[in-house]
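Participant: Take a look at the letters that make up each chain.
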Amino acid sequence: MDHHHEHRAPEPTPFGLGEWSVPALLILLLTAYLVAVLSLRERGTRWPMTRTLAWLGGLLLVGAGLVGPLAERAHHDFVAHMAGHVLLGMLGPLFLVLAAPATLALRVLPVGAARRLSRLLTSPPATFLTNPFIAALLNIGGLWVLYRTGLYTATHTDPLLHAAVHIHVPAAGYLFTFAILGGPDPAPHRLSAPWRAWALVASIAAHNVLAKVLYATPPEGVPAEQARAGAELMYYGGAPVEIALIFLVCRPWLLPSREHAPPRRSLP
Amino acid sequence: MDASSPAVQQPRHGRNVTAGILFGLGTIAFVDEVVFHQILHWHHFYDRSTTAVGLVSDGLFHAFSWFATVAALLMVAALHRERTLQGLTFTAGWLTGAGFFQLYDGLVQHKLLGLHQIRYGVNLVPYDVTWNVIAGVLLLAGVVLWIITGRRARRSSRADSART
Chain A
1 MDHHHEHRAP EPTPFGLGEW SVPALLILLL TAYLVAVLSL RERGTRWPMT
51 RTLAWLGGLL LVGAGLVGPL AERAHHDFVA HMAGHVLLGM LGPLFLVLAA
101 PATLALRVLP VGAARRLSRL LTSPPATFLT NPFIAALLNI GGLWVLYRTG
151 LYTATHTDPL LHAAVHIHVP AAGYLFTFAI LGGPDPAPHR LSAPWRAWAL
201 VASIAAHNVL AKVLYATPPE GVPAEQARAG AELMYYGGAP VEIALIFLVC
251 RPWLLPSREH APPRRSLP
Chain B
1 MDASSPAVQQ PRHGRNVTAG ILFGLGTIAF VDEVVFHQIL HWHHFYDRST
51 TAVGLVSDGL FHAFSWFATV AALLMVAALH RERTLQGLTF TAGWLTGAGF
101 FQLYDGLVQH KLLGLHQIRY GVNLVPYDVT WNVIAGVLLL AGVVLWIITG
151 RRARRSSRAD SART
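Sequences listed follow chains A and B, in order.
Those letters in the first sequence? Residues 1 to 268, per this note's numbering, in order.
Those letters in the second sequence? Residues 1 to 164, per this note's numbering, in order.
Below, a sample of chain A positions facing chain B; criterion: calculated Cβ distance under 10 Å:
1. Ser-203
2. Val-209
3. Ala-211
4. Ala-239
5. Ile-243
For the record, the hints were derived by calculation from the structure and aren't laboratory data.
Quantities reported herein were computed from a predicted structural model and do not represent experimental measurements.
Backbone N, C-alpha and C fix where the C-beta goes; we use that ideal spot for every residue, glycine too.
Use the sequences and the hints to build the structure in full.
Facilitator: Right, dumping it as structure tokens:
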């Protein structure tokens with residue numbers, strides 16, 4: 001048991017808010033979204049219930065990857081770590097992107113603030129980061145750096161690195177998912193669907209290859225058995241999310257809606 | 001079919017073939033994963049002899065096969081909706097795609113890149129021969145059917161343009 005304690009991340013996060021900072025942040029994000037939806041409804045505009053549920057589901061999935069029993073086990077169990085990776089970096093961000101938080105913010109914010117947000121979303125740095133190839137590099141490239149350098153092992157002893165990785169993974173996952181889908185939030189500079197599909201296929205391939213490399217040569221300090229089970233979970237657990245992304249990219253492209261309307265329909 | 005329907009204006013021969021080829025690739029990858037990896041356990045998740053090039057080729061092959069399956073099904077749905085789905089043409093593409101990728105898997109990935117073998121601890125020759133002969137037959141049947149349906153599509157489009 002002592003051996004496990006060595007690998008546990010120290011309790012306080014570098015922000016000094018303790019282990020409650022993550023649930024507090026998630027509750028804040030949920031509350032802000034709900035307040036926005038309610039204030040929209042007060043003005044007589046309906047917001048789709050599916051989007052609200054997607055936001056709730058996404059926050060729960062990200063939360064499960066960050067705190068609670070799975071996250072606890074992930075400190076010393078590579079299989080649990082990989083389950084966390086799929087929730088935190090892939091499935092959770094997909095739900096959050098589908099909830100269209102920027103669209104909601106643009107509708108409820110006062111005109112001045114909405115204009116500033118809109119300007120921020122279309123600024124050159126945002127355009128650069130939401131290029132699907134750049135976002136893929138940050139997301140999948142980040143995973144390669146995490147597992148193929150000493151970084152993964154270092155996160156077990158350095159709380160700052162641990163926190164940085166656990167912020168980077170969902171952030172890069174969100175950025176990647178949004179860049180690949182090019183919506184439902186406004187994406188004025190998005191590339192055409194075939195380009196986004198190529199970036200997605202290349203990313204899935206890089207994710208597959210990384211899983212097999214981890215299977216063959218585990219990160220330092222991870223037992224071979226755990227590495228193999230974790231790598232297979234990464235490969236097969238990631239697949240449903242990847243197939244969902246492929247479907248969402250391809251549907252408006254290959255099966256456009258009957259009236260040949262643009263894929264993003266405006267809400268009533 | 002009346003002359004003003006989109007079906008006559010666009011026979012969509014190429015799109016039917018493309019959907020078929022993509023679905024053929026998806027089918028081969030699916031059979032490989034389900035039958036040879038999961039049911040028979042002849043194939044392994046990772047083989048020590050695998051080279052870096054082999055790993056990248058396998059990663060791309062599987063990533064693209066998922067894309068191909070989804071894209072093919074969506075294309076079939078679109079063709080079906082505009083009533084331009086041609087079963088025989090789609091089958092031509094399907095056989096061509098399946099045969100081509102089976103042959104690619106059997107010759108390039110198994111033999112040239114040494115990604116993994118069909119089965120372990122047995123004499124491989126009968127397995128390799130069976131695998132690649134099946135692939136060759138599928139490919140040949142697909143190409144022949146492709147030529148036949150292509151000729152037929154050209155003839156019917158000529159007839160249509162003569163009529164209008």
